[in-house]
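First to last, the protein sequences are chains S and G.
Going by my numbering, the first sequence opens with residue 40, and the numbers climb by one from there.
Going by my numbering, the second sequence opens with residue 144, and the numbers climb by one from there.
Source of the hints: derived by calculation from the structure; they are not laboratory data.
Ideal Cβ positions, reconstructed from N, Cα and C, are used throughout, including at glycine.
One or more hints might be untrue.
[What the hints assert, rightly or not] Beta-carbon label-pair distances, calculated as ranges:
{"id": "1", "chain 1": "S", "residue 1": "344", "chain 2": "G", "residue 2": "294", "range": "34 to 44 Å"}
{"id": "2", "chain 1": "S", "residue 1": "202", "chain 2": "G", "residue 2": "193", "range": "19 to 29 Å"}
{"id": "3", "chain 1": "S", "residue 1": "123", "chain 2": "G", "residue 2": "294", "range": "46 to 56 Å"}
{"id": "4", "chain 1": "S", "residue 1": "344", "chain 2": "G", "residue 2": "268", "range": "25 to 35 Å"}
{"id": "5", "chain 1": "G", "residue 1": "265", "chain 2": "S", "residue 2": "138", "range": "31 to 41 Å"}
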Amino acid sequence: MSPKGIGALGLTALFQRHGQRHRLSLLQQEAIAGYIAILPWLLGLVFFALGPILASFILMFTHWEVLTPPRFSGLENLQRLAADPMVPIALFNTLFYTVLAVPFHLAAALFVALLLNVGVKGTNIYRVLAYLPSQMPVVASSILWFFIFSPTYGLANQVLSWVGIPPQKWLWDVFLVKPSLVLMAVWALGNSMIIFLAGLQGVPEVLYEAAKIDGANVWRLFRHVTLPMLSPTILFNLIVGVIGSFQIFTNVFLMTDGGPGTASLMLVLYIYRNAFVYFRMGYASVLAWLLLIIVLILTVLQFRLSRLWVFYEGEVK
Amino acid sequence: MSESAALVEPSGSGRQLASQSVRSRAGRLTVHVLLLLVVAATSLPLLYMVSTSLKPEGTEYDFPIRWIPDPPVWENYLKAFRAVPTLTFLRNTLVITVLSLVGDLLSASLVAYGFARLRFPGREALFTVLLATIMLPFFVVMIPLFVLYRSLGWVNTFYPFIVPSFFGGHPLYIFLLRQFYLTLPRELDDAARIDGAGFFRTWWSVLLPLTGPALATVAIMSLIFNWNNFTGPLILLNSRDRFTLALGIRLFSDQYRMLLNQTMAYTTMMTLPIVAVFFLFQKYFVRGINMTGLTGR
Chain S
40 MSPKGIGALG LTALFQRHGQ RHRLSLLQQE AIAGYIAILP WLLGLVFFAL GPILASFILM
100 FTHWEVLTPP RFSGLENLQR LAADPMVPIA LFNTLFYTVL AVPFHLAAAL FVALLLNVGV
160 KGTNIYRVLA YLPSQMPVVA SSILWFFIFS PTYGLANQVL SWVGIPPQKW LWDVFLVKPS
220 LVLMAVWALG NSMIIFLAGL QGVPEVLYEA AKIDGANVWR LFRHVTLPML SPTILFNLIV
280 GVIGSFQIFT NVFLMTDGGP GTASLMLVLY IYRNAFVYFR MGYASVLAWL LLIIVLILTV
340 LQFRLSRLWV FYEGEVK
Chain G
144 MSESAALVEP SGSGRQLASQ SVRSRAGRLT VHVLLLLVVA ATSLPLLYMV STSLKPEGTE
204 YDFPIRWIPD PPVWENYLKA FRAVPTLTFL RNTLVITVLS LVGDLLSASL VAYGFARLRF
264 PGREALFTVL LATIMLPFFV VMIPLFVLYR SLGWVNTFYP FIVPSFFGGH PLYIFLLRQF
324 YLTLPRELDD AARIDGAGFF RTWWSVLLPL TGPALATVAI MSLIFNWNNF TGPLILLNSR
384 DRFTLALGIR LFSDQYRMLL NQTMAYTTMM TLPIVAVFFL FQKYFVRGIN MTGLTGR
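For reference, chain S alone in the conformation it holds in the complex (with noise of 0.2 Å):
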């Protein structure tokens, strides 16, 4: 041992018998120190989430434009959400979008997960190229595919003209608009993939050898050892995937606001104009709220499904 060591274990003796001299046991003093550790973030989600959530859930029954003093209004904002036509609409294109974007932005992240995952050479470049666009600034993103769509000049109507499509009005287009936003959503599939790979280099060898000796072929393979097993990953991509797209905001806003009409009019953009437009502070914390309360149910309805198709390792069926 060395001199250090033998010094160590000699501090230690004079430090047990200090501490038994202490008033405070071991255990005691661990918990406060833990308590100390964690206090930065406790005071945090006090002040920057539970707080908030809270006087949220006050502001809903308050009338409030910001510059004069907020008064109690009872339900008249419940009221105002029951008969405002403007919700529903907000409502279904948020779903409808959300419909069409996850699933293709799921399966095309998967897809190309796959295709990574047979590690041919340069697979480190289809890598980085496929991934770079999901961390390209949404702001500059937005600007960029406003320009892309464009139904006169834009990249998306040449690529049209390559496979003898005519040229389409993109987001002046009410049926296109939706779409539109959601083939941006589909071409930033870098995170959702990088995970996918990481779940797919997790799924072990000996499945896929057992698999094969019992003849099984590629799609038999995909459908039988790689999907159940990288089920918990879809599951945590599912997930945070409809979380993110109920709150699209930023590229609706800067590309549409909205529309043609209100045909891409989002719950977010919504509650952002009843909030910081119209200065309808208490109807657009119940506006916030309903944005909570459906991701809530959609989240705990996916964990709810997810028990039919999510296999885990370890858990007998």
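We have chain S already, so just place chain G on it with the hints.
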């Protein structure tokens, strides 16, 4: 192991096997072709952006698109940079990004250490709360936060983007770091304690220096988040001299939308640092996202 499997980075068994299942030349060729199509689709918009940014005025609206700028006009970048107070935007963005980074790293590390290493009543319950808040939509707390910052006189200041970082930052950062602390051997703590270090000394001098890779991951996530953040600044910063780049780029495109080449130069300028950080620290990006994916397991 097949020869090409040896060329790819060492990774889990899944990849090696997958490469065995697509062993035939035709199979590999198909994979190459499909991947080329994929990266063509993801890169085409970026190519369009860079190509347009270099076009001489008047040719950027040509249709069919002329992909090679003739001649390439690098001056577009200079003009775009000067058209709005870009240096001010850049300085503001850097102030927020750097200070917020310091706060995120320090506070998330300390909190993660508490959750990973110290035993205290209610720890599991509190950690569950932390996990739940990872998913909390920003727009739910946005309005009351605006009210809070307004009453503190923080509207049109950088405090709302810096101060919360010193209170744990994003819960995801805490989660990632905590997972990393859990992989460090307990013997380190014991040895430090035997040497007479207290809990916080143990954290600062022994464990924290070992969390470098995880800190790098969190640092990159924090940098990218603040560089790209748009919604917060949109709501809270209202005078030009306080604008960040994300707001500045919008200001530019609102004023000079007619100048497509310069607008594309501006978006390229804002994207380039991200690309640079990405190429320099690629493995930390991927690792961080891998770690977030672990929540699914």
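Verification of the hints:
1. Range check, residue 344(S) to residue 294(G): Cβ separation about 43 Å, and the 34 to 44 Å hint holds.
2. In this structure, residue 202(S) and residue 193(G) meet the distance hint of 19 to 29 Å, their C-beta atoms being roughly 24 Å apart.
3. Judged by the Cβ atoms, the range 46 to 56 Å given for residue 123(S) and residue 294(G) is violated: they are separated by roughly 28 Å.
4. Here the CB-CB span from residue 344(S) to residue 268(G) is close to 26 Å, well matched to the stated 25 to 35 Å.
5. Evaluation of the 31 to 41 Å hint for residue 265(G) and residue 138(S) yields a pass: the beta carbon distance comes to about 40 Å.
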